[in-house]
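Listed here are the chains, written in short residue letters.
There are 2 protein chains.
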Amino acid sequence: MLSKSQIKLITSLKQKKYRQQHGLFVVEGIKTITELLQSSFNLQKLYTTKSFKIDANNNKIDEILISDSDLKRISFLANPNTALAIFEIPKPKKIEKSGLILALDAIRDPGNLGTIIRLCDWFGIKNLVCSNQTVDCYNPKVVQATMGSITRININYVNLENFLKSTNLPIYGAFMDGTNVYQKQALADGILVMGNEANGISEPIEALITEKLSIPRFGDLQATESLNVATATAILLSEFRRRN
Amino acid sequence: MLSKSQIKLITSLKQKKYRQQHGLFVVEGIKTITELLQSSFNLQKLYTTKSFKIDANNNKIDEILISDSDLKRISFLANPNTALAIFEIPKPKKIEKSGLILALDAIRDPGNLGTIIRLCDWFGIKNLVCSNQTVDCYNPKVVQATMGSITRININYVNLENFLKSTNLPIYGAFMDGTNVYQKQALADGILVMGNEANGISEPIEALITEKLSIPRFGDLQATESLNVATATAILLSEFRRRN
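If you read the protein sequences in the order shown, they are chains A and B. With our numbering, letter number 129 in the first sequence gets 129, and the count goes up by one each step, no holes. With our numbering, letter number 108 in the second sequence gets 108, and the count goes up by one each step, no holes.
Just so you know, not all the hints are guaranteed correct.
[To be verified] Below 27 Å or equal to it, Euclidean Cα-Cα: the simulated DSS-like pairs (lysine-lysine) are:
no.	chain 1	residue 1	chain 2	residue 2
1	B	K97	A	K14
2	B	K31	A	K141
3	A	K14	B	K72
4	B	K141	A	K31
[As the list claims (entries may be wrong)] Over the 12 Å line for every Cβ pair with chain A, so calculated as not near, a few chain B residues:
no.	residue
5	I66
6	I116
7	E239
8	N244
[What the hints assert, rightly or not] Just a few of them, taken from the derived set where beta-carbon distance is under 7 Å, the chain A residues facing chain B:
no.	residue
9	L71
10	F163
11	K165
12	A186
13	F218
14	N228
15	S238
For the record, the hints were derived by calculation from the structure and aren't laboratory data. We put the CB at the ideal spot given by N, CA and C, even for glycine.
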């Protein structure tokens, strides 16, 4: 049986305010929980309807067996999995100002952020810098969409304008009217900024961009919507990496 | 007021079986409805809480004004928009066997298919061929994710194995262990096959691939998950197009 206070704590973690207050976040699904157990992230509580017994490193896990109906009460999903874990939010490490850094200016969709974190992992981007207006990376939908990649990327939330002002690195930005990225002979490491889903890169950030890049469009020029920000990020990260 | 039979028809269109039986599909949200009204798609019914009056071409629209509560009864969304439209499913045109064709082998996630249709539109891919195991493109979540692009792409559902057997075009496939796509000097037009989210390209289809391609991974080789199929499609379509 779950106590009322346990249920209250867990369901409060849907909200960023309480995640930050408690320094905790929720993960659901055996696959992602197992990935996190194998990482440096610290487990706080594991609620499960079937015993995990040991984690991937053969360590005994302190698990709390609960019923399906209890899981339903604490799950954030319409169709709950068999387990829900609470992990501690790790302290972000200092941003290394080397290599390629990805910066996000007010990305709002959890699925997009999750996909972008997974892309960082694939393309070996170690540092992801998010403006304070970007959706929280410990939002359950983001964690789910990262497929475990969240454990391998150093994510910092910052005042993006101040952060960009403090660096001498090249600052690239994705725009509809930038230089055709295919025609760039070289792309030096620096910071690549991707903008908000509806509005793109905001004006104060645009003023700090040293090179505007764009992905050429081949479809009907009148009609085609812009690319989704996660797919545009995929293409631009690929463009940076293929030149190495 | 909506009649019971109207409500029954609309809600039945959540299911592929009834979409096919009636030849109709549902679109919600003013932005996507407006995109579809501007296309060659035929409107069957428009239910709205606020009058559209005229469409983008200044034609009078035959709209049915309904209350918020009626919209709530027919909407597929948790938070309904202000309008819901029913359009006729268009007859797909014959697949043109020229240019670059994208083929999907059992893509199951509606968001992925929607994103891929939007990518086709951006990259000027006119023909999308889906295996019969691929999620229905008139699934409401797919339509929503295409942002109107669905009106500009010719989408055919086929027996993919038979389709690929009937062509002499190069057949590319995305694999974890294919040729590094960055190192290809040229990529001739042909058919690019993308596989299922969990299992990749199925064995019968793999046997028909003439060239396996892969996107190199730069992150930690042990840990990183595969790329999401929509982002992998974005990168590969970009690779085909940037060589032109």
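Each hint tested on the structure:
no. : hint             : result
1   : B:K97 <-> A:K14  : violated, 49 Å
2   : B:K31 <-> A:K141 : holds, 25 Å
3   : A:K14 <-> B:K72  : holds, 25 Å
4   : B:K141 <-> A:K31 : holds, 25 Å
5   : I66              : holds, 27 Å
6   : I116             : violated, 9 Å
7   : E239             : violated, 8 Å
8   : N244             : violated, 8 Å
9   : L71              : violated, 22 Å
10  : F163             : violated, 23 Å
11  : K165             : violated, 29 Å
12  : A186             : violated, 15 Å
13  : F218             : holds, 3 Å
14  : N228             : holds, 6 Å
15  : S238             : holds, 5 Å
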